[in-house]
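Visitor: Let the hints inform the model, and build the full structure from the sequences given.
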Amino acid sequence: MSNVKIPDPDFAQSVIDAGGKTLDLCYQCGTCTGSCPSGRTTAFRTRQLIRKAQLGLKDDILPSEDLWMCTTCYSCVERCPRDVDIVDIIILMRNMAVQKGYMAEDHKKVGLSLLKSGHTVPASDKLKALRVSMGLSENPPTTLADPQAMADFKKIMAKTGFEKLIGGA
Amino acid sequence: MAADKFALFLGCVAPLRYPGIEKATRELFKALGYDLKEMTGAGCCPAPGVIRSFDQATWLALAARNLCIAEKQGCDILTICNGCYGSLYEANHMLQEDPELLKKVNMILAEVGMKYEGKVHVRHFADVLFKDIGIEKMKQKFTKPLSYNVAVHYGCHFSRPTKIKHIDDPERPHVLDELVEWTGAKSIPYADKNMCCGAGGGVRSRDAKFALSFTETKLKNMKAVNAQFIIDVCPFCHLQFDRGQKDLPGYDIPVIHLAQLYGLALGLPESSLGLEAHEIKVTL
Numbered sequence: 001m002s003n004v005k006i007p008d009p010d011f012a013q014s015v016i017d018a019g020g021k022t023l024d025l026c027y028q029c030g031t032c033t034g035s036c037p038s039g040r041t042t043a044f045r046t047r048q049l050i051r052k053a054q055l056g057l058k059d060d061i062l063p064s065e066d067l068w069m070c071t072t073c074y075s076c077v078e079r080c081p082r083d084v085d086i087v088d089i090i091i092l093m094r095n096m097a098v099q100k101g102y103m104a105e106d107h108k109k110v111g112l113s114l115l116k117s118g119h120t121v122p123a124s125d126k127l128k129a130l131r132v133s134m135g136l137s138e139n140p141p142t143t144l145a146d147p148q149a150m151a152d153f154k155k156i157m158a159k160t161g162f163e164k165l166i167g168g169a
Numbered sequence: 001m002a003a004d005k006f007a008l009f010l011g012c013v014a015p016l017r018y019p020g021i022e023k024a025t026r027e028l029f030k031a032l033g034y035d036l037k038e039m040t041g042a043g044c045c046p047a048p049g050v051i052r053s054f055d056q057a058t059w060l061a062l063a064a065r066n067l068c069i070a071e072k073q074g075c076d077i078l079t080i081c082n083g084c085y086g087s088l089y090e091a092n093h094m095l096q097e098d099p100e101l102l103k104k105v106n107m108i109l110a111e112v113g114m115k116y117e118g119k120v121h122v123r124h125f126a127d128v129l130f131k132d133i134g135i136e137k138m139k140q141k142f143t144k145p146l147s148y149n150v151a152v153h154y155g156c157h158f159s160r161p162t163k164i165k166h167i168d169d170p171e172r173p174h175v176l177d178e179l180v181e182w183t184g185a186k187s188i189p190y191a192d193k194n195m196c197c198g199a200g201g202g203v204r205s206r207d208a209k210f211a212l213s214f215t216e217t218k219l220k221n222m223k224a225v226n227a228q229f230i231i232d233v234c235p236f237c238h239l240q241f242d243r244g245q246k247d248l249p250g251y252d253i254p255v256i257h258l259a260q261l262y263g264l265a266l267g268l269p270e271s272s273l274g275l276e277a278h279e280i281k282v283t284l
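Going down the list, the sequences are from chains A and B. Numbering-wise (this note's numbering), the first sequence opens with residue 1 and increments by one. Numbering-wise (this note's numbering), the second sequence opens with residue 1 and increments by one.
The hints are simulated quantities; they were obtained by calculation from the structure and are not laboratory data. None of these values were measured; they are calculated from a predicted model. Glycine included, each C-beta is placed from N, C-alpha and C at the ideal position. Some hints could be false.
[Said to hold, decoys possible] Partial pick of chain A residues on the chain B-facing surface, computed with a CB cut under 7 Å: (1) E78; (2) N95; (3) G111; (4) D146; (5) F153; (6) K159; (7) F162; (8) L165.
[As the list claims (entries may be wrong)] What the simulated footprint calls covered on chain B by chain A, stretch by stretch (three residues with Cβ under 8 Å from a Cβ of chain A suffice, anywhere in the stretch; the number is not a length): (9) 9-23; (10) 43-50; (11) 54-68; (12) 97-111; (13) 152-165; (14) 198-211; (15) 269-281.
[Said to hold, decoys possible] Below, simulated BS3-like cross-link-like pairs (lysine-lysine); rule was C-alpha separation at most 30 Å, straight line: (16) K104/B x K116/A; (17) K154/A x K119/B; (18) K131/B x K144/B; (19) K246/B x K223/B; (20) K159/A x K109/A; (21) K165/B x K115/B; (22) K30/B x K72/B; (23) K100/A x K155/A; (24) K128/A x K72/B; (25) K155/A x K37/B; (26) K246/B x K108/A; (27) K109/A x K246/B; (28) K116/A x K37/B; (29) K37/B x K128/A; (30) K165/B x K5/B; (31) K246/B x K128/A; (32) K104/B x K108/A; (33) K155/A x K103/B; (34) K223/B x K209/B.
Guide: Structure representation (structure tokens):
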């Protein structure tokens, strides 16, 4: 009986409460799966992920690779006959997975880059030189060129708990 | 807000990987008589696929901070990236529609002495060219007719989700094809044109190989119609196609952002287009 999955209705409710109000509207037609570019070449099935969310199969969803297969292209959302906010629901469940500690190392690196510089990609000397040669400022006029702005940016990330979440605190 | 100025939102990939996109945008809007204000101290939008997936509350607060910077300048925001457009547009929409949420976010922003009133509009530069400038005014500025056959890549966050953005049709988009053809270039149809490049949603950073499988499908279809260039309006799709081809033997299609293409048509010197940052050599 080890394969029996225990639904957790509280989980479904927590997705709804977090902003996934349309979760219950899904009637499992599969238009999402048929529209999904990720599902073309893999076993990822959008419809199934939404069904699992409705049933509250938390332990199936949060540690799964499936949760991270979506490129947020919105093909499913555009075609859903029930106006289910599929991408928003997937994002909310990703937030829950990250809260539980399920986060790829490469994703942590992106988060750490944001903490460090306010940008998701690092600056490079080669590109700085190119900027200058084109008559642009060496650094863009962003957090990279403004220590006070960077301090504010970090203050917000500390306040929302992002620093702790990513492991940068 | 004022019609002849915008707050230019740079994001990450354009200024830090393809500065020619930034430079060409600045020159283009200067030529059109716009005053582009610097969003001094802005940060990442933050990225919709990664940062929003990690923690939506942080994503929203940091996006609101960027919106505040433009609001203080009395300007609407001009974006040059689908990802930045997606994040800032959606965050702005959420904050404008939900006063309770706005209050909550403003409590966080109070930590850094900011408050968002919800007055800013977030625009995509291609939408501004199409709706605010229009073909007649644009054609007066072009000095060099182009005759390339190109594959247009829209990128997902340009028009979707269409229930909150209203700039193009989700299944049969036409805005970018028209913008490209204003220059004299021809947008050639290809199979699966509306498909995603594969980079978004945190997929590129988490599983580069899987992201490349999308890119290869698109490249195969673009190659089949002999596209000379790929034209995009998103530095992240741009990066995915440009760097992706290094890992995909048999493909060699240069990638040009629409701002760079318009820079060419305006007669800007090649040195203003930053083409040396491209992995796939661009021969004009």
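Visitor: Each hint should be assessed against the structure and marked as holding or not.
Guide: Structure-based check of all given hints:
no. : hint            : in the structure
1   : E78             : 4 Å, holds
2   : N95             : 6 Å, holds
3   : G111            : 6 Å, holds
4   : D146            : 4 Å, holds
5   : F153            : 5 Å, holds
6   : K159            : 5 Å, holds
7   : F162            : 4 Å, holds
8   : L165            : 6 Å, holds
9   : 9-23            : holds (count 10)
10  : 43-50           : holds (count 7)
11  : 54-68           : holds (count 8)
12  : 97-111          : holds (count 3)
13  : 152-165         : holds (count 6)
14  : 198-211         : holds (count 11)
15  : 269-281         : holds (count 5)
16  : K104/B x K116/A : 25 Å, holds
17  : K154/A x K119/B : 25 Å, holds
18  : K131/B x K144/B : 22 Å, holds
19  : K246/B x K223/B : 15 Å, holds
20  : K159/A x K109/A : 20 Å, holds
21  : K165/B x K115/B : 25 Å, holds
22  : K30/B x K72/B   : 22 Å, holds
23  : K100/A x K155/A : 23 Å, holds
24  : K128/A x K72/B  : 29 Å, holds
25  : K155/A x K37/B  : 25 Å, holds
26  : K246/B x K108/A : 25 Å, holds
27  : K109/A x K246/B : 23 Å, holds
28  : K116/A x K37/B  : 25 Å, holds
29  : K37/B x K128/A  : 21 Å, holds
30  : K165/B x K5/B   : 22 Å, holds
31  : K246/B x K128/A : 23 Å, holds
32  : K104/B x K108/A : 26 Å, holds
33  : K155/A x K103/B : 18 Å, holds
34  : K223/B x K209/B : 20 Å, holds
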